[in-house]
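Student: Chain residues, written in single-letter form:
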Amino acid sequence: MDIYLLEAVVNGVLLGGVLALLALGLNLIFGVIDVVWIAYADLVMCGMYGVYWLHAYFGWPLALACVAAIVGVALLGLLVHVLIIAPVLGSAPINQLLATGGLLYFLQSFATLLFGTDFRNIGVRLPVIELGDIFISYARLIAFAAALLGATALYLFLKRSYLGTAIRAISQDREIMGLMGVDQRRIYLITSAIGGALAGLAACLLALQYDVHPFIGNTFGPLTFMICVLGGLGNMLGGFIAAFIISQIIAIGGYYSSTELSYVLAFTLFIVLMIARPRGILAR
Amino acid sequence: MRAWHPAALVGLAALVAFPFVVPVYFLHMLIQILLWGFVYTAWSLMGRFGFVSLGHGAFMGIGAYLPALLWNYEGVTPWLSIPLSMLLSALLAVVIGYPCFRLKVVGHYFALVTLALGQVVMLTIIAARDITGGSLGMTQKLAGHSWYALQFPEKGYFYGVALVVWLGGLAAWRWLDRGVGREALEAISEDEEAAAAVGIDVMREKLRVTVVSAVLTALGGALYVQYLMYLNPETVSGISVSLQIVFAAIAGGMYTPLGPTVGALLTIALTEGLRVWFGTSFVGAANTIYGILLVLFIIFMPRGILGLLETWRARRARAATLISAGS
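Residue numbers (numbering that gives the first Met the number 0), protein chains in the order written: chain A, 0 to 283; chain B, 0 to 326.
Quick caveat, the hints were computed from the structure, so don't treat them as lab data.
Built from N, CA and C at the ideal position, the CB exists for glycine as well.
The reader is advised that the hints may include incorrect statements.
To be verified - Sample of chain A residues lacking proximity to chain B, with all beta carbon distances greater than 12 Å (derived): (1) 3; (2) 67; (3) 133; (4) 180; (5) 182; (6) 189.
To be verified - SDA-like mimics (lysine to any residue), calculated; alpha carbons at most 20 Å apart, straight line: (7) B:140 with B:227; (8) B:103 with A:275; (9) B:103 with A:92; (10) B:103 with A:267; (11) B:140 with B:153; (12) B:103 with B:91; (13) B:103 with A:279; (14) B:103 with A:276; (15) B:154 with B:17; (16) B:154 with B:15; (17) B:103 with B:193; (18) B:154 with B:139; (19) B:103 with A:278; (20) B:103 with B:189; (21) B:103 with A:91; (22) B:154 with B:31; (23) B:103 with B:207; (24) B:103 with B:194; (25) B:103 with A:272; (26) B:154 with B:25; (27) B:103 with A:277; (28) A:158 with A:147; (29) B:154 with B:27; (30) B:154 with B:26; (31) B:103 with A:280; (32) A:158 with A:181; (33) B:103 with A:271; (34) B:154 with B:12; (35) B:154 with B:268; (36) B:154 with B:227; (37) B:103 with A:268; (38) B:103 with A:274; (39) B:103 with A:94.
With the sequences and hints as input, model every part of the structure.
Tutor: So, in structure tokens, the structure goes:
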């Protein structure tokens, strides 16, 4: 097998981990609150700026900056729910989508206003590992491991804890759970915060690999949607698998042609699958 | 034919007279308002029946790039290439629309499919950077004042073109509004199954409005870059343009014919106002405000400004009839 192709595949797997984390967060929010946060990837952008300013500008240790970013984006998630989602919970789904579309517009433009369109790098240089003949970036390896860890933690929380059980129950039947004494409002708030925290974690991991700029959300946002929809919106396992399918298409497609064309391929596949299997690849 | 409302006649006369009296700067604003108003009107043809497309940048991108590329490399006149790009957009609309409508991909699923479509077109334009210049954009070859090339250094000519096209957009709205078409579409947007059960050809009605919307959007995109003489994938295609279209149409009111144009007036006045007051150091200020406004509009007045005015007027009229009936 061609060594560069192998390298592309490995990098695809590593990217898939972070995409899976993002898809998990978005899926959680969709499954529980039944709202598509189209601005989800822009929360990641906010988190990346957080890491950048705290670490590169104010000189905080990287770990502390990351924790602060995760907490900050979790709070942002809460704020998004209270200010934007809660007032439109009763409206048509399309209005909810458009309200978060307004948020996307706002966050991107506000970031442009505050920071300009410069690409900023947090200035952390991690070594590259040589494994046989292929090169793997250490940052990607960390990102992959942390993403898997985050996903596992979320899984355990949802499966094992009392609160997690309530969250899963509400995603199955929101009317009945109200009668069972579950405070829907509180669950929504907690879910939004967890979704935000996952975006914050993804932000830390992406900040290690990519420069941050106001429109970086446009790079990952549409991909995240595609992954969630391919996996079946709200289907965690499906999202997880779809993340790796998409990241492989992009990695291998990028190897054979250009990055843009591999994205074109991925988006076209999305449109086709969306029409052919609207409930996701795992649907029967 | 229905008699023209006097206000409409006065307004039209004023629009025709404008290029002779206002300074060039305002003419520039007016051309942009008319062209964007046309695009927003085209989007609303679908949007007002609940088919929210987040990918109209795709049709604008085709309308903008195909004529420019054919002009630069083959010397084809826009009079030929613009209709060609409109035809291509119609085809794309059918290719996406037919399976979506057949398999009932609706609501936010439809929105996400169109979002992906916009990305596909934008990324294809960027990927073909050898001929399109990629993210850096491109300019058309200059031909001076030429009807053949559809290039007019003098703004008055383009104003005329924009005005005619904009009126055409309103005419398209009226055409779709007439007859059973609108009632059928309203029935479909409320309950598709019930509409089909009473004998409405759901597929035909949906495709018709989608194709008209796509074709007009392509024309709008073509004329917009023909006027600006500069193309950039981000500014004619992509998510931010698609969202800008949605925002302006909703803000102005997508349920009334003039609503989208009011949206264009509002957004362009806001952009220009902020630019004049704060200078270019304030890049992003206008869009920041749009974002906030879009959220507020969705939450508090989803029918937009003109929609709100109409509701008020209807309420006042009702109150007046009640009073006169009581006395």
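Student: Hints first: check each against the structure and report whether it holds.
Tutor: Okay, the hints, checked on the actual structure:
no., hint, in the structure
1, 3, "holds, 20 Å"
2, 67, "holds, 24 Å"
3, 133, "holds, 27 Å"
4, 180, "holds, 30 Å"
5, 182, "holds, 23 Å"
6, 189, "holds, 23 Å"
7, B:140 with B:227, "holds, 12 Å"
8, B:103 with A:275, "holds, 11 Å"
9, B:103 with A:92, "holds, 16 Å"
10, B:103 with A:267, "holds, 19 Å"
11, B:140 with B:153, "holds, 17 Å"
12, B:103 with B:91, "holds, 18 Å"
13, B:103 with A:279, "holds, 15 Å"
14, B:103 with A:276, "holds, 11 Å"
15, B:154 with B:17, "holds, 12 Å"
16, B:154 with B:15, "holds, 14 Å"
17, B:103 with B:193, "holds, 14 Å"
18, B:154 with B:139, "holds, 17 Å"
19, B:103 with A:278, "holds, 12 Å"
20, B:103 with B:189, "holds, 14 Å"
21, B:103 with A:91, "holds, 17 Å"
22, B:154 with B:31, "holds, 11 Å"
23, B:103 with B:207, "holds, 16 Å"
24, B:103 with B:194, "holds, 14 Å"
25, B:103 with A:272, "holds, 14 Å"
26, B:154 with B:25, "holds, 10 Å"
27, B:103 with A:277, "holds, 9 Å"
28, A:158 with A:147, "holds, 16 Å"
29, B:154 with B:27, "holds, 7 Å"
30, B:154 with B:26, "holds, 7 Å"
31, B:103 with A:280, "holds, 17 Å"
32, A:158 with A:181, "holds, 17 Å"
33, B:103 with A:271, "holds, 14 Å"
34, B:154 with B:12, "holds, 19 Å"
35, B:154 with B:268, "holds, 19 Å"
36, B:154 with B:227, "holds, 11 Å"
37, B:103 with A:268, "holds, 18 Å"
38, B:103 with A:274, "holds, 9 Å"
39, B:103 with A:94, "holds, 19 Å"
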